[in-house]
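There are 4 protein chains.
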Amino acid sequence: MVGYAFMGAAHSQGWRTAGHVFDLPMRPVLAAICGRDADAVRAAADRHGWAAAETDWRRLIARDDVQVVDICTPGDSHAEIAIAALEAGKHVLCEKPLANSVAEAEAMVRAAADARSRGQLAMVGFNYRRVPAISYARKLIAEGRLGTLRHVRVTYLQDWLADPAAPLTWRLKREHAGSGALGDLGAHIVDLAQFLTGERLVGVSALAETFVKERPVLSGASAGLSGTAGTETGPVTVDDAALFTGRLASGALASFEATRMASGRKNALHLEINGERGSLAFDLERLNELSFHDHTEPAPSSGFRRILVTEPEHPYLEAWWPPGHALGYEHTFVHQARDLVEAVAAGTDPVPSFADGLQVQRVLAAVEDSAAKNAVYTPVPQP
Amino acid sequence: MVGYAFMGAAHSQGWRTAGHVFDLPMRPVLAAICGRDADAVRAAADRHGWAAAETDWRRLIARDDVQVVDICTPGDSHAEIAIAALEAGKHVLCEKPLANSVAEAEAMVRAAADARSRGQLAMVGFNYRRVPAISYARKLIAEGRLGTLRHVRVTYLQDWLADPAAPLTWRLKREHAGSGALGDLGAHIVDLAQFLTGERLVGVSALAETFVKERPVLSGASAGLSGTAGTETGPVTVDDAALFTGRLASGALASFEATRMASGRKNALHLEINGERGSLAFDLERLNELSFHDHTEPAPSSGFRRILVTEPEHPYLEAWWPPGHALGYEHTFVHQARDLVEAVAAGTDPVPSFADGLQVQRVLAAVEDSAAKNAVYTPVPQP
Amino acid sequence: MVGYAFMGAAHSQGWRTAGHVFDLPMRPVLAAICGRDADAVRAAADRHGWAAAETDWRRLIARDDVQVVDICTPGDSHAEIAIAALEAGKHVLCEKPLANSVAEAEAMVRAAADARSRGQLAMVGFNYRRVPAISYARKLIAEGRLGTLRHVRVTYLQDWLADPAAPLTWRLKREHAGSGALGDLGAHIVDLAQFLTGERLVGVSALAETFVKERPVLSGASAGLSGTAGTETGPVTVDDAALFTGRLASGALASFEATRMASGRKNALHLEINGERGSLAFDLERLNELSFHDHTEPAPSSGFRRILVTEPEHPYLEAWWPPGHALGYEHTFVHQARDLVEAVAAGTDPVPSFADGLQVQRVLAAVEDSAAKNAVYTPVPQP
Amino acid sequence: MVGYAFMGAAHSQGWRTAGHVFDLPMRPVLAAICGRDADAVRAAADRHGWAAAETDWRRLIARDDVQVVDICTPGDSHAEIAIAALEAGKHVLCEKPLANSVAEAEAMVRAAADARSRGQLAMVGFNYRRVPAISYARKLIAEGRLGTLRHVRVTYLQDWLADPAAPLTWRLKREHAGSGALGDLGAHIVDLAQFLTGERLVGVSALAETFVKERPVLSGASAGLSGTAGTETGPVTVDDAALFTGRLASGALASFEATRMASGRKNALHLEINGERGSLAFDLERLNELSFHDHTEPAPSSGFRRILVTEPEHPYLEAWWPPGHALGYEHTFVHQARDLVEAVAAGTDPVPSFADGLQVQRVLAAVEDSAAKNAVYTPVPQP
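Chains as they are written, first to last, in our numbering: chain P, -12 to 370; chain B, -12 to 370; chain Z, -12 to 370; chain U, -12 to 370.
Derived from the structure by calculation, the hints contain no laboratory data. Since the structure is predicted, the reported quantities are computational estimates derived from the model, not experimental observations. There could be a bad hint or two in this list.
[What the hints assert, rightly or not] Simulated DEER-style distance windows between Cβ atoms:
(1) Z/T224 x U/G134: 36 to 42 Å
(2) P/T218 x B/D101: 27 to 33 Å
(3) B/E305 x Z/R46: 50 to 56 Å
(4) Z/A(-8) x U/E305: 52 to 58 Å
(5) B/D101 x Z/R45: 58 to 64 Å
(6) B/E201 x P/P368: 32 to 38 Å
By construction, the Cβ of each residue, glycine as well, lies at the ideal position given by its N, Cα and C atoms.
Kindly generate the complete structure, drawing on both the sequences and the hints.
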């Protein structure tokens, strides 16, 4: 694994746990973790249960005891590491967004295709697909329980930048993060909208905004990754919020909002999908629940039902606890690890693929283009 | 009162009740109601408690015992009746949307200005401003409890057209209704967004769609106002749904969605406003509640609080029931009647004014223009 | 009508409105209202729309233009007025609780039976039966949608006595109110439990408590009905809270809690009923909603559904607004007026009858007996 | 660890994870797991990550590499194993309920006291105390944010026995399980009520019921622990549901309900506590949330606030994910492992102690006594 911050910890928990919960054909071994700071990565290896620590990702991917490379770094390094790892004969799991640009993502898809012919797999880490309620929602839609789709609306609201005094971290710099709320949060909701509907966005119209244009600079040697904020300020070069609408291939309308300025909303990914025969709603802050309305029922006794997605028949649940016993955020990474291990063992293609990641990237690029032109409707190039 | 369908019944309930609940300087008398069908209007007068019935609105506005004309007809007749009533020396209350076009609305504003100089008042019926929770929300925002605003999002979802077999009523014909979900539902949410924030929209970008393009024609003599659906179909000439984004004068971003195709959503006007110091959320299906997050509180004990807006200190509540005893939809019309009576007695300008109605009309026109050009950002003309 | 405080206002709204909303065989006329203070009752008559005002209820029930006597006074006068009114040949609607003692209630039931033979009707005002969601819940249970019942739990929480400085009104004196939270709130929840299940309680076990034993006395001439609190205090002679469990005739277990000390709960009547085939839940603070779980559905897609009880097929709704448009607290009184008028016109027995009111009184007496003996299981005498 | 079923899996996850998430003074090593069936326990060891497998718990507690014995067996074996383990010089963690009788629990407390003098620790596994929201609720109450307490109500509703065809497992036999819903669910809610309030129950009144008196017997050799149900039936010898009320030391009233027959409720532990200055509410199915009402705030802007208990300042949260990222059920076992490891390292007494477990047992025994005498108020012996 490359990277050991928030995502590194979450992925580690996934890898450590999957084999103890699910019946896996192979059990993951946490071989080595990589980071630039030798002391810090050694501590992270110890904390998270990795056998070895490396300070150069090139050394990591050269190791014989590494079969899967899990990339948890900021987006600007995804392409280079992923392509090298694939070329080195490893399977690759790459955190979302796949890359910071369409061009990088395209190169990654090409590398993945080449590697596939050699039997290697590549997967992008849209972990929310593996919330059981989301996975079950996809099943209901695929079965036609919603009929023809009319509306998709997804908002992803956080508030950690609501305070203008919040510091200027790497996530607020275009050169590292690629974009702001759009790439970080927007990538998730675009993927979910397309995954759940089984359709692609064909065009978008967007507004974006950086409400707080200057923030306090972090002092410290390590490129703004940590440190304390001083009186100096620097420019925020990514969006604080992005608002976009679009059309799906079937003609359904979609609306999206991603922001880090919605005070009081911590991780509020809300989605709703309306079809001719039914509707679904979901709230990530209550991730064990799915709301489902069956419009084919008699009106007087119908209504949105709150399904507790904790039954053994629900996706991933056969291995967990009895009904009503909640799962949490990190379980998505356990499920991700399980699915990738199973794909590796079976030699099948994991989803979401790098191509899926590229498609999301194309949507995000179209959103950026549209926002730059003040909401002009911008087609999303289709493969 | 002109018109005696849904809105006529609701307004009648407002006029009948206001004087029995509030201490009013004058008590409304239900003098006369007007409709084209003599038997039907006679029955409506009897049902709703009006002393007289008229079949020609020109006769109604000529009556000496009529001081206020309340217009509850489809939008295409608003301008003609309102202007005539003002010219006849009456105060006017006109249902929303003010008119079917900006030009009509402008003429109405001019007529209202002329009438004002003669002491007459004109008010447009955006009744949701008078839900106590909305009125209280406005108070919190005006007091600065939310600080600088960042986001406004309002959706108004209904589902009575989700079924493609729903018939082609006057509300689906452009010549009568002006527009579809946009004018019917969108007018409310544009007004609420501007009322609550105290700001105007300066530009919008919109997508609109008519998902079901043909619907069964109603047979029957009375211009499609009622009757039974046959096998013949006719074209739907208004939008089923409109999705738009925009910018407020302060730079805050706004998003809107109005639809009649969201299966399972009956009258789901949800709104949320995020500011630097706090956030508010509201759901019309739970209209006695307001969610408020105070971002200046210590994070560990903060969160969206569910305020039951039923305390005597809340707007309009001093006259109703003890805390926790719910009000309903129709109470907005009681409050509207109270406020207009008080304005008439005091000679003050009621809100929302015809000018406010015109401003909403200008936003809706900009939305239609933008939708016609596939989401091009369209400035809203400012007064 | 006798009495013109909170209940008087609510009943007046019911009588004024019923004939304008429902198709009634007879339209109620608000003939005369009665209270002891001549000026106050004259003002109340004017405010609430009653033609005449009386200061002696004996004169009221002697009036020829009065056919129905509606009793909205404190419980200690119910028996005397109701019996006299029935003897005077009037139909009677009496607010709950029917009386302050079982003996009084028995006398009232006897008077009602005598009057019935002369064609007069008697009804007790458990208005919450006429919340559409409650009425619909009864229908679902009666149809067997819940199967064999196992559990009923009902809590009715208010907080207006949470503050020890709240004054000593008539509601806190045994001689006027009979009991405290038990008679005021407990009467409602006992009635609802029995109404919804269609069963009677056969025995109860109770704890009751007066947490604040002394409160400030109100000064003022009119028997503590209003005035300002001074430094003098007096003893609270009723319960602040009552907690009881019981068994229904079918063997189902029931639990109840009534309190005025639950800070933050304004009018929180929550109920849940669990049966072998399904469950229902309801919250009076969201009175347009009913939660229903159908246990016969496949587990993965089942869950409590939130039914918006605003469809035209729902009880009482055919006369009100379109789906999703909320009703409020006072609508229960409109429905009560409608049902009594229809019963009078048809000569049928209205429910709940005085006998139903007596049955509730017997349960409350058993609860008081049990509480006095520290929770000893106390059978409820069956008729 | 002794036992490897549901609780065994959950505890294993706790032991495996604690050292990788929290900074612990010692890192737990999963030395050996024990069960009667050699193949099954070997498989469980492999699955859950235990180094060795034992088939006799006496051998397990004799192992030198075992310092802590974690007992996850049915209640009838708790006392014997725990006492032996303490005598063997081990620290002990014992699942709740501490024992199947007060006498057993008393013996365990004595053994724990003896062991304490030798430096050994004993803890009982009321894991729900370690839900962060519960732990934070305790903090708010301890700080006086609720003032004098008036009411505690806790219900724990499940539905896995709602179907009369559900089979007769060990949990339905008195000789193994001690009691039914009472010991299984009631133990949790009694502990939570006492933990949160910091008070003890002084007396209780109870009703209990076995609704389904015969259930299908499981065939199979292993003492009814698994197998398939046939046509033969056997008697259920424990309660399906228990309903009880009580008084806390301060005079507050408490109500409890534990049932496995509430169709649609999966793991619905709801609790509410009302005090003079505020109230708290919690729902285990939404375990990342705590509802808090501050009654000292101005009424118009007050209300129950939904606190997302995912901030770094909240108990246990400093080690987990960013705000808004949900934890799940199993995290309680990670926290339990952390707290026990820290106590072992520091030589301090872990809570809840065996004495706390005994106190809960005394309450449950009083409940059973009261239920046997049809709700007679039964004092709880105080230490």
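*Hint numbers the structure violates, sorted upward?*
Checked against the structure, the hints that fail are numbers 1, 2, 3, while the rest are satisfied.
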